[in-house]
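Undergrad: Each chain, written out:
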Amino acid sequence: MTTAFPHRSPDQRELHGALDQIASGRSRRRRALRAAPALALVLLALAGPLLAPHPIDRPLVAPFAAPDATAMLGGDLLGRDVLSRFLAGGGPLVLNALAIAALVTAAAALLGVLAALRPGLGRWVERTADLAILVPAVLGIMLIALAWQDGGRLAVAAAAIVLGIPYATRVVAAAATPVATAGYIETAAASGERLWYLIVREVLPNLRATLLALFGLRFVEAVYVVSVAAFLQLGPQPPTADWALMIRENSPGIMLNPLAVAAPALAIGVLALSVNLAADALIPRTGTTTEVPL
Amino acid sequence: MWSGAETRVDGKPRADGEARSAEKPRFVLIAGHVVWSALRRLAVLAVLLGVVFAAVELLPGDAASSTSERGESAADLAARRTALGLDRPLAERFWDWMTALPTGDLGTSARGEPVTRLLAGPFPNTLLLGGLALAVSLAGALALGSWAALRPGGRTDRGIAVVATMAFALPEFVVAIALLLVLSLRLGWLPAVTLIGSDGAPASWSMLLLPLLALAVPQIGWNTRIVRAALADQAALPHVSAAIIDGLPRHRILTHHLLPGALPAIAVGVATSAGMLLGGAVVVETLFNYPGVGAVLAGAIADRDTPVVAGVVAATGGAISVVLLLADLVRARTVGVRL
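Residue numbers (this note's numbering), protein chains in the order written: chain S, 1 to 294; chain D, 1001 to 1339.
Calculated directly from the structure, the hints in this document are not laboratory data. Glycine included, C-beta positions come from ideal geometry on N, C-alpha and C.
If you anchor each label on the Cβ, the simulated ranges turn out as follows:
1. D/1040 with S/270: 41 to 47 Å
2. S/174 with D/1095: 36 to 42 Å
3. S/44 with D/1241: 48 to 54 Å
4. S/194 with D/1289: 57 to 63 Å
5. S/120 with D/1098: 26 to 32 Å
For the chain D half of the interface with chain S, some residues (derived, Cβ under 7 Å), not all of them:
6. 1044
7. 1170
8. 1173
9. 1174
10. 1181
11. 1279
12. 1282
13. 1283
Stretch by stretch, here's where chain D covers chain S in the computed footprint (C-beta under 8 Å, at least three residues):
14. 227-238
15. 257-269
Pulled out of the complex, with its shape left as it was, chain D reads as follows (with noise of 0.2 Å):
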């Protein structure tokens, strides 16, 4: 920081070797970090995909008689699991499952249909509702939070605080029932169930209005709570009293000293938020009607359909593992890396 100062005054560029070669190491650091990180997280979704898949080999009964017909011999039943390969030992298959995901093959479902294809409709639609919902809370919970910082003990502060908490302890099956109730039968504005157009997609964006809100609401409130927590962490630091002392105007203080220390916390928040979101998408896709993977994911665990349950959970820990490694790569910029 000191030299940052420094270059600014000459106005030239750094050109001793010294400030060049320490800037060097720091940013290989922060590479060698991610990469490390990144290999952290592949390894402990791995692991997970593993409980997964020896959880639903547990489970009673298999693929091959929860997706027979009626009238189906002993023979056929026998015939069928040879063909889904379900007489193999469950490494072996897991083993298999396993090598082929690098390349996107995540397998072939007990009815015969590729994964990939059976996740490509209903995937994306819930990506887009999780992200929408993350992007919604963390712009709400940054812009509550920042306000009940501006007066800190004040009415607004302690209302934010009470409301946010409250938001957070709602399910979001109740939360979707209190916006249906009023928003769409009382004010008649939003429709109440999601119509699907030919492609697969939600027939319209005001479709997607009411579940985005119902995910995001409780979010709003977890992470309002974050952001307020980490802003008054970051108040009670020297510098920020002496930025108050020197005059600076309330939104500059806040801008410059509080929230970019506050930047940390608020990523690992909103990254556990991830999590909360998909887990809540399949509610809300199931009262909404909405064209996700929740009913992929619970048709698939009534099948016994362990490539199907072990191709959910790889897509949405993919996802949550992103999140969470941008997480990881926030506090590496912020705090630096330690080794």
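Just chain S, with the same shape it has in the complex (with noise of 0.2 Å):
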């Protein structure tokens, strides 16, 4: 954030960004180090159904089989191969996340930088914010996925786009207020420049850290909030693999075969964390703690 300023000389700029480049070059491999984990399981998700072993929608065991050597998980509620399903189930749920939080960054990106630049809609923006806060995702989620009843994933979409917006309108509209008042600002829209170009060429660049670590954060949330809606059967609908609705079906058998549940709780949870960890290698550090040890 202390950088790009543009109306720092060209000279100063350089030489900030080296200083900023010999600091910060061992924590950015620490940085991309954090970011591993939760590549490599999404493009394991993504790959997964060209490895399943066996057809997703054919029995092939006994319904609640234990593991053995044909089905190596075990089978599920039908006797489906659990381990096929749990390879062909990962890759939408990580799609759907990733395209909600691409969506609700953009849109808040704008929408926030607005926000900062015309004061008056910033307070509307406070005020919705504040009214999404009573209600509970899970409520909004099953209105709007009712309301659409063959949307399955897209209205899940819908509502966790509509859902999260307000919220992550109001930290842009945060970091933005600070570099919507700085006098470069007040020149260009002085100079007659478009509010387009005042927002998308003059005040997004400088919030480009802000805008990364939104991203990472709203992956966390929309993991969650998509797999919660597949939980409660209202995204994708039973015949389909995914993994939170494999939870769903197979837990009435979670004595019988603990591992058709098991198996897509682990790769849920261990997605959740992979992806926070990465999201919180993303966040900005500013400056260092000068807590005084007690």
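Using the hints, build the complex out of the two chains.
TA: Structural data, given as structure tokens:
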């Protein structure tokens, strides 16, 4: 955030950048390392369907059969191969969450900067965010997913985007306010630049770190929303292979074949954790803490 | 604070009129602030109910058709629509429902049952589960946050920060499955499903433990981060450095110098938890077959039963508003009122 102020001279910027690079070379490598598990898992989830040894929609063994040589993770409630369904069930969930995170971040970036440039709108953003806090996310998803019954994943994504935007906009607006009141923005506005130009070319480039961190956090949130909706059977419908749906379908047989529930639960857990680790690494660190040891 | 120290020195209550008159307006100010924020919370709740009412109305189908029996004729359906008042304009029905609300009347469901009776059993169950989870998460977060704050930058501090962040990222049902697999299936300590007694409540307290833990663990993570951050903000203030230089014991600095100032931030964080808890309760209730509002809500949305959905939102929204109001109160007490 301290770099990239356009009113600095190029020399100053270059020097500053070089110092930054020396200081953050090691931490950047560490950051990349922390983002690696999430990247690996996302790639694995997307490649999963290609690795599935059996068809995902036909019974292979007895319902809730214990693991054996044919079905390494046993059978599900209809005797379908848990391993194959497990490999196929991650990709859509991950893609859906990525799309939600990207759309919410993009919309919040535009609206948030607009709210910072136009304080009247900013107050409305505050009020909407206050209202959205009172709606449990689950209720909002239920309302929208049921209003659009054949919507499936799209309906859940729409709900997650609508519910996520107010809060994300507030975050961007808070970060954009100091930039929006900077002298160079006033100069640009006074010289007649259009609003669109102000938002996209003048303010947003200074918020890269905030937006990257916001995207990470929205991805964590989207994994949560998408999996909870699937668990409540609001998104993908039963014959589909989906980790959250597998947990819901197979939990009655948890005594007979615990792996049919444990494997997808572990996968969602590890996905949430690794994405969170990556998001945490993206958050810009501002200075060192000056806390005195007690 | 200065005058307080003075009174303690003379051992006499303050008698001068000036101090008392300075005291009274402060109390009045706080009372006014509380009333004002209560009104604001109520207005927000009313707007929310209006939005939900309209949203349920915009769903395709209506209560008359989704609760109809097989083989009902179109005339029967129209008669039911009239009986349920569905032919009247939305605004009129909303107004009737809202004006009946202060008298404790939540209206009648599409199946002809009073909504109050429909919620009388499940809502206290959900409130019990959510309230306990809130208390557990507050206690856990205060303990972990304080423990970390006593060793800033140390291994404990960093460890707690990582674990707390991780815990908050996990969906409740994943935590629930993990607890179920370990505590019920492997160790056999706790029952895996909730059995319901004849009074509609869980049959034994041990059936409350798994849902409670599943709800509380992610919230402990969230609140620990908030407590830790609030304590760090306080630790940077000069009066805390003064207390450290004076050589006061660490636990005394924590309880007398750090926590009081950190209270408003902690209260706001915990209040945000309330909304997440009630949302998570719906999921956890489904998994453990717990008799709460989750099942009522899911059924009501499928039936397009506007009064029941609005009733559930009013009840949970009211509960969340009360917690938010308490947070406002804590803030007003600690930092004073700005008008």
